[in-house]
Amino acid sequence: MIRNRLKEILLKVKKKVFTGNLGNTLSTFKGTGLDFSEIKDYVIGDDVRAINWKSTAKGLGVKINLFNEERELNVIVAYLISGSINFGVRRMKQDAMAEALGYISYSALKNSDNLTTIFFDEKMEKLFKPTKKLGILEDLIGHALSLDAVGHSVDFESFCTFINSSIKKRSLIFLIGDFYGAVNISKISHKNEVYALIVRDRFEENPSFSGDISLVDPVSLSEDDLSLDSSSLKEYKKVLQEQDDRLFEHFLAHKVKYGKIYTDDDIYMKISQITKG
Amino acid sequence: MLNQIVFEYPLAFLIVIPFVICLYFCKPKMDAIFFPTMKFLKKATKKSMLLENALKVLIILLLSTALASPIIRDEISVKNDKGYEISLIIDASGSMAQNNKFGIVKEIVGDFLTKRVHDKIGLSIFGDFAYVAVPLTYDKNSIKRLLNRLQAGIAGSSRTALYEALFLSSNLFKNSHAKKKIAILLTDGMNNVNNIPLDVAMKTVKKYGIKVYTVGIGNAGDFDPNVLRKIAQESGGKFFHANSKQKLKEIYNTIDKLEKSKIKANKYVKKRYLFAYPLGLALFLSILLLFRKNRELV
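One line per chain: the protein sequences are A and B, in this order. Residue numbers for the first sequence follow the numbering used here, so the first one is 319 and each next one is one higher. Residue numbers for the second sequence follow the numbering used here, so the first one is 148 and each next one is one higher.
Please keep in mind that the hints were generated in silico from the structure rather than gathered at the bench. Glycine included, each C-beta is placed from N, C-alpha and C at the ideal position. Worth double-checking, as some hints may not be accurate.
[To be verified] No farther apart than 27 Å at their CA atoms in a straight line, the calculated lysine-lysine pairs in the DSS-like style are these:
#1 A/K447 / A/K505
#2 B/K190 / A/K556
#3 B/K186 / A/K552
#4 A/K447 / A/K333
#5 A/K578 / B/K189
#6 A/K555 / B/K440
#7 A/K552 / B/K194
#8 B/K350 / A/K552
#9 A/K552 / B/K327
#10 B/K193 / A/K556
#11 A/K332 / A/K578
#12 B/K186 / A/K556
#13 A/K555 / B/K190
#14 A/K505 / A/K552
#15 B/K321 / B/K404
#16 A/K556 / B/K440
#17 B/K327 / B/K350
#18 A/K588 / A/K333
#19 B/K193 / A/K555
#20 A/K575 / A/K428
#21 B/K190 / A/K552
#22 A/K556 / B/K194
#23 B/K291 / B/K404
#24 B/K291 / A/K555
#25 A/K578 / B/K186
#26 A/K451 / A/K325
#27 A/K556 / B/K189
#28 B/K190 / A/K578
#29 A/K552 / B/K440
#30 B/K321 / A/K555
#31 B/K350 / A/K555
#32 A/K552 / B/K189
#33 A/K552 / B/K193
#34 A/K509 / A/K447
#35 A/K441 / B/K186
#36 A/K555 / A/K450
[Stated by the list, open to error] Far from chain B, by Cβ distances over 12 Å, these chain A residues were calculated:
#37 R323
#38 E390
#39 R518
#40 F521
With the hints as extra help, turn the sequences into a complete structure.
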């Protein structure tokens, strides 16, 4: 079951990343390299070795080539495991998160960036050491699909401590999770470039339950009978909206780029939009 | 008015305790699903859940109130099954009219009635014939009212149906369960109606175990002390003789003291049941709850 799903996701990831616009996560530093960026007018001080003679010969002044600087990026992907990702109406959030993980990892690997992957709940659950090998992709997605999230919750405090103590180099950090509860990533955001991918299911934000229903909290595992009506659902949406507003405010205050990805979205597209800013 | 409401079975209120416990600890088992934002949902439904549970508890409270049977004690009269039953037999023949004898007797008997608060009392009258004026009852007021209306000669003025009166009033005790049955026979004449012989009357008296106190008033020649004494002795009572108002009063006082009722009276309560009100309200709230549930499904 997981095996098949893994293959599906792998195929999807490879296809999308391969055909899609590669290098979206590349640095925008201009410098020497092989990756051609653009042609611009020569100004005094520019490297004469970069003069594009063909363009210059066309008679519109001296032109030089610009290249994207070849710089090895440190990409950290954190898969945040909380019980609440074990949910989804048409597709599990855990599954959608695995796909997102796949896109980012594959893009980074294709770019020959250093990829570190962390699975984190209350503590570090599993760490894939920095690598450039494409073969790790299968392990990453496989692990993301097969882990059991129920009963766990993300401790952002210790997550920040872990990142700060183990990652010294300035990095690009992708957080994949559903971001419920107390989120505080201020300790890592000032040094690194952080992207938060908030994976949600539409039903959890807009539940159409009615009447009596028995629900289990996937973190504390406590069961409760709830009696729902339209007024309490309205209240619920308000409470959820407040929590999200607090979350976005926190992200904005710490210059974290964020975006919501729903399980029924085109995840690749969504990630591109979020990373392009 | 309100503080008179009492509960017949206050233990019924205990039902509320297991209900409240069950409301939180033995919930109905339903299929449960994981829901990620359960925390928020719980917070959002807190108010309506509280309302619903309060409604449920209120319904059970009302139902148990109805089961506890609230009553209003409208009137408290006195009952004494195991106490005394006293039958007063009063001579109302023509001769009683002399010297206001009947008036004095009425007065003294009235006083006696007031003293015997916890006893059932009956009243029989005799003259030419005997009849039961009031059967055994706690209702002293009606006896008194009737006593006031009585006049000498009300049952014929020429003769004295003493044995018949004794026989008739003894029959009052037919369905009685009282431990002590007492008759006070008051006369100023001799029996001169022969429809019931003394033997038959005495047999009835003994059959029901009635203690007969006999009171002869007037001079010794007016009544037959031997017969009265015989009746008293055979039934275990006592014979008295009075020739003055003072003496008669003393006699009734003596009887009152001799037959002092020691038992505290059981209370007989005339109840008005009020259970319909909490029951009706509970039903109404149940319908409200159903309606609420119904609305939720929309």
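Hint check:
1. Among the hinted pairs, A/K447 with A/K505 is consistent with the structure: their alpha-carbon atoms are about 22 Å apart, no more than 27 Å.
2. Distance check on the hinted pair: B/K190 and A/K556 sit about 11 Å apart at the alpha-carbon level, within 27 Å; holds.
3. Restraint check: the Cα-Cα separation between B/K186 and A/K552 comes to about 15 Å, which is no more than 27 Å; the hinted pair holds.
4. At most 27 Å may separate the alpha-carbon atoms for a hinted pair to count; A/K447 and A/K333 meet this at roughly 25 Å.
5. A distance of roughly 24 Å separates the Cα atoms of A/K578 and B/K189; the hinted pair therefore holds under the 27 Å criterion.
6. Distance restraint check for A/K555 and B/K440: the Cα-Cα separation of roughly 21 Å lies within the 27 Å cut-off, and the hinted pair is therefore satisfied.
7. At most 27 Å may separate the alpha-carbon atoms for a hinted pair to count; A/K552 and B/K194 meet this at roughly 13 Å.
8. Between B/K350 and A/K552 the CA atoms are separated by roughly 90 Å; this puts the pair beyond 27 Å, and the hint is violated.
9. The suggested pairing of A/K552 with B/K327 is violated, with an alpha-carbon distance near 78 Å, which exceeds 27 Å.
10. A hinted pair counts as satisfied when its Cα atoms are at most 27 Å apart, and B/K193 with A/K556 qualifies at roughly 14 Å.
11. Using a Cα cut-off of 27 Å, the hinted pair A/K332 and A/K578 holds, with the two alpha carbons roughly 22 Å apart.
12. For the suggested pair B/K186 and A/K556, the alpha carbons sit about 13 Å apart, so the restraint of at most 27 Å is met.
13. As the CA atoms of A/K555 and B/K190 are separated by approximately 11 Å, the hinted pair is consistent with the 27 Å bound.
14. Between A/K505 and A/K552 the CA atoms are separated by roughly 35 Å; this puts the pair beyond 27 Å, and the hint is violated.
15. A threshold of 27 Å between alpha carbons decides the hint, and for B/K321 with B/K404 the separation of about 26 Å falls inside it, so the pair holds.
16. The suggested pairing of A/K556 with B/K440 holds, with an alpha-carbon distance near 23 Å, which does not exceed 27 Å.
17. A C-alpha spacing of about 17 Å is found between B/K327 and B/K350, which places the hinted pair at or below 27 Å, so the restraint holds.
18. Simply put, A/K588 and A/K333 have alpha-carbon atoms about 16 Å apart, close enough for the 27 Å limit, and the pair holds.
19. For the suggested pair B/K193 and A/K555, the alpha carbons sit about 14 Å apart, so the restraint of at most 27 Å is met.
20. About 23 Å separates the Cα atoms of A/K575 and A/K428, which keeps this hinted pair within 27 Å; it holds.
21. With a C-alpha separation of about 12 Å, the suggested pairing of B/K190 with A/K552 holds against the 27 Å cut-off.
22. Simply put, A/K556 and B/K194 have alpha-carbon atoms about 14 Å apart, close enough for the 27 Å limit, and the pair holds.
23. Distance hint between B/K291 and B/K404 is fulfilled; the C-alpha atoms sit about 21 Å from each other, no more than 27 Å.
24. Only pairs whose Cα atoms come within 27 Å are accepted, and B/K291 paired with A/K555 is rejected, the gap being roughly 80 Å.
25. Annotation: proposed proximity of A/K578 to B/K186 holds, straight-line Cα distance about 20 Å (limit 27 Å).
26. Using a Cα cut-off of 27 Å, the hinted pair A/K451 and A/K325 holds, with the two alpha carbons roughly 18 Å apart.
27. Between A/K556 and B/K189, the direct Cα distance comes to roughly 13 Å. Compliance with the 27 Å bound is thereby established for this hinted pair.
28. Among the hinted pairs, B/K190 with A/K578 is consistent with the structure: their alpha-carbon atoms are about 24 Å apart, no more than 27 Å.
29. The suggested pairing of A/K552 with B/K440 holds, with an alpha-carbon distance near 17 Å, which does not exceed 27 Å.
30. This hinted pair does not check out: B/K321 and A/K555 have alpha carbons roughly 81 Å apart, beyond 27 Å.
31. Under the criterion of a C-alpha separation no larger than 27 Å, the hint pairing B/K350 with A/K555 is inconsistent with the structure, at around 94 Å.
32. Among the hinted pairs, A/K552 with B/K189 is consistent with the structure: their alpha-carbon atoms are about 13 Å apart, no more than 27 Å.
33. Between the alpha carbons of A/K552 and B/K193 the distance comes to roughly 13 Å, so the proposed pair stays at or under 27 Å and holds.
34. Taken as a hint, the A/K509 and A/K447 pair is honoured in the structure, with Cα atoms around 20 Å apart against an allowance of 27 Å.
35. Of the pairs offered as hints, the one joining A/K441 and B/K186 holds, with about 22 Å between alpha carbons and a cut-off of 27 Å not exceeded.
36. Distance check on the hinted pair: A/K555 and A/K450 sit about 43 Å apart at the alpha-carbon level, beyond 27 Å; violated.
37. Against chain B, the non-interface label of A/R323 holds: every CB pair exceeds 12 Å, the least being about 19 Å.
38. The non-interface label for A/E390 is consistent with chain B: the shortest C-beta to C-beta separation is roughly 37 Å, beyond 12 Å.
39. Not every CB of chain B is more than 12 Å from the CB of A/R518 (nearest about 9 Å), against its label as outside the interface.
40. A Cβ of chain B approaches the Cβ of A/F521 within 12 Å, the least distance being about 9 Å, so the stated non-interface status is violated.
Checked against the numbered hints given earlier, this structure breaks hints 8, 9, 14, 24, 30, 31, 36, 39 and 40; the rest are met.
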